[in-house]
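Next come the chains, spelled out residue by residue.
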Amino acid sequence: EAGVAQSPRYKIIEKRQSVAFWCNPISGHATLYWYQQILGQGPKLLIQFQNNGVVDDSQLPKDRFSAERLKGVDSTLKIQPAKLEDSAVYLCASSLRGGYNEQFFGPGTRLTVL
Amino acid sequence: RKEVEQDPGPFNVPEGATVAFNCTYSNSASQSFFWYRQDCRKEPKLLMSVYSSGNEDGRFTAQLNRASQYISLLIRDSKLSDSATYLCVVNKGGGNMLTFGGGTRLMVKP
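Chains as they are written, first to last, in my numbering: chain W, 1 to 114; chain F, 115 to 224.
Keep in mind the hints are simulated off the structure, nothing from the lab. Even for Gly, the Cβ is constructed at its ideal location relative to N, Cα and C. Take these hints with a grain of salt, some might be off.
To be verified - Cut-off 27 Å, straight-line C-alpha distance, at most; resulting in silico cross-link-like pairs (DSSO-like, lysine-lysine):
id: 1; chain 1: F; residue 1: Lys223; chain 2: W; residue 2: Lys44
id: 2; chain 1: W; residue 1: Lys78; chain 2: W; residue 2: Lys44
id: 3; chain 1: W; residue 1: Lys44; chain 2: W; residue 2: Lys11
id: 4; chain 1: W; residue 1: Lys44; chain 2: F; residue 2: Lys156
id: 5; chain 1: W; residue 1: Lys62; chain 2: W; residue 2: Lys44
id: 6; chain 1: W; residue 1: Lys11; chain 2: F; residue 2: Lys159
id: 7; chain 1: W; residue 1: Lys44; chain 2: F; residue 2: Lys159
id: 8; chain 1: F; residue 1: Lys156; chain 2: W; residue 2: Lys83
id: 9; chain 1: W; residue 1: Lys15; chain 2: W; residue 2: Lys71
id: 10; chain 1: W; residue 1: Lys71; chain 2: W; residue 2: Lys44
id: 11; chain 1: F; residue 1: Lys116; chain 2: W; residue 2: Lys11
id: 12; chain 1: W; residue 1: Lys83; chain 2: W; residue 2: Lys62
id: 13; chain 1: F; residue 1: Lys193; chain 2: W; residue 2: Lys78
Stated by the list, open to error - Now the stretches of chain W that chain F is said to cover, found in silico as 3 or more residues with beta-carbon under 8 Å:
id: 14; segment: 42–49
id: 15; segment: 66–72
This is chain F alone, in the form it adopts within the complex (with noise of 0.2 Å):
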């Protein structure tokens, strides 16, 4: 089993919709969760921590459950620019090296 896993999809969807993602770790004991975006031939961009609490960053919300060892990224009123990858990041084994998800290809159609 991978340590991260995710759809790869893609997730084909129209402007205005809205898209949740989920992705899977296989280390219990990892402690630190985030949410990354790569555009096209561009490097990962950080999108976002995911807090066990949950956490909001405008149309972009995070989830962690731990319990079943997954967390999810939803995204309102998709726009034409949320178009990209979304890597899924844990760290692994609770040390500070990061493993990343395959991603998720996004892609928002007029």
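Isolated chain W, as found in the complex (with noise of 0.2 Å):
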């Protein structure tokens, strides 16, 4: 079974600058994730979409970051413009349906902003 998939795997841009990610879950996972991990930290919960609705967004910073899962299936992360602490790598996720199922996390992707 193919597990999540993320590119790109590494990202460096410069401040001010606009980024994207993209993330296809495992085949048949309703419930994804996008996470944020800082160098030392715990993943972060950024979004958390069930088919191709939000269910929380809380820890979103959306003056920056905006992410969409059309049709329920890949999700985009965008961040625009990045700043120096966007710094971290960005993990996807999905699970079968919820957070009492386990969540299957991709390879992530490593953000330099310089």
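Work from the hints to combine the two standalone chains into their complex.
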């Protein structure tokens, strides 16, 4: 069974530039999550989708971050404009339904903002 | 107070040792608890769920203490391959969003 796919794996940008990350969850998984993991910390949930609807985006900095999950499958996370403190690994995860189910993580996108 | 707190470590132990980690959580309404393992520069992976009655999977034992609001992970007969960061995960206030602790780093030495 294919796992969660993410691209790109690495991205280096200058501050104030824009960047977008893509995630393809495991087939059949209704719930998709985006996490931000800063070095030395645990993952922090940014947004959770159930199919193509948003369940929770309370920790998403909406002035610069946006995410969508068109057709309830793939998802994109965008940062515009990026700040130095956005340097982190952005992890996408999926699960069959919700938080009571095991979450399967993709390899992440490592973002460096200079 | 953080929602989920862990001692960041590192815990440095010799092969064959027994090591235990604790994790405390702040929301008494939390219902689901997990331990995830994260290797260096890799994604987190589920190690085990934590049930009210406690559960064991080979060398790993997880316990839940609702009264004191903490969960624990015990690793017996540590292997070099157990070296990783162990993330305590709690569902958020009875809903279905998960909150991760900062992780406890374990280093098993020969």
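Now for the hints, and whether the structure bears them out:
1. Lys223/F to Lys44/W: violated, 30 Å
2. Lys78/W to Lys44/W: holds, 16 Å
3. Lys44/W to Lys11/W: Holds. Lys44/W to Lys11/W sits at ~20 Å (cutoff 27 Å).
4. Lys44/W to Lys156/F: holds, 16 Å
5. Lys62/W to Lys44/W: Holds: Lys62/W and Lys44/W sit about 15 Å apart, inside 27 Å.
6. Lys11/W to Lys159/F: This hinted pair holds, its Cα atoms lying about 23 Å apart.
7. Lys44/W to Lys159/F: holds, 15 Å
8. Lys156/F to Lys83/W: holds, 24 Å
9. Lys15/W to Lys71/W: Distance ~31 Å between Lys15/W and Lys71/W Cα, so the pair is violated.
10. Lys71/W to Lys44/W: Roughly 25 Å separates the two Cα atoms, so the pair holds.
11. Lys116/F to Lys11/W: violated, 30 Å
12. Lys83/W to Lys62/W: holds, 14 Å
13. Lys193/F to Lys78/W: Violated, at about 41 Å.
14. 42–49: holds (count 5)
15. 66–72: violated (count 0)
Checked against the numbered hints above, the structure breaks hints 1, 9, 11, 13 and 15 and satisfies the rest.
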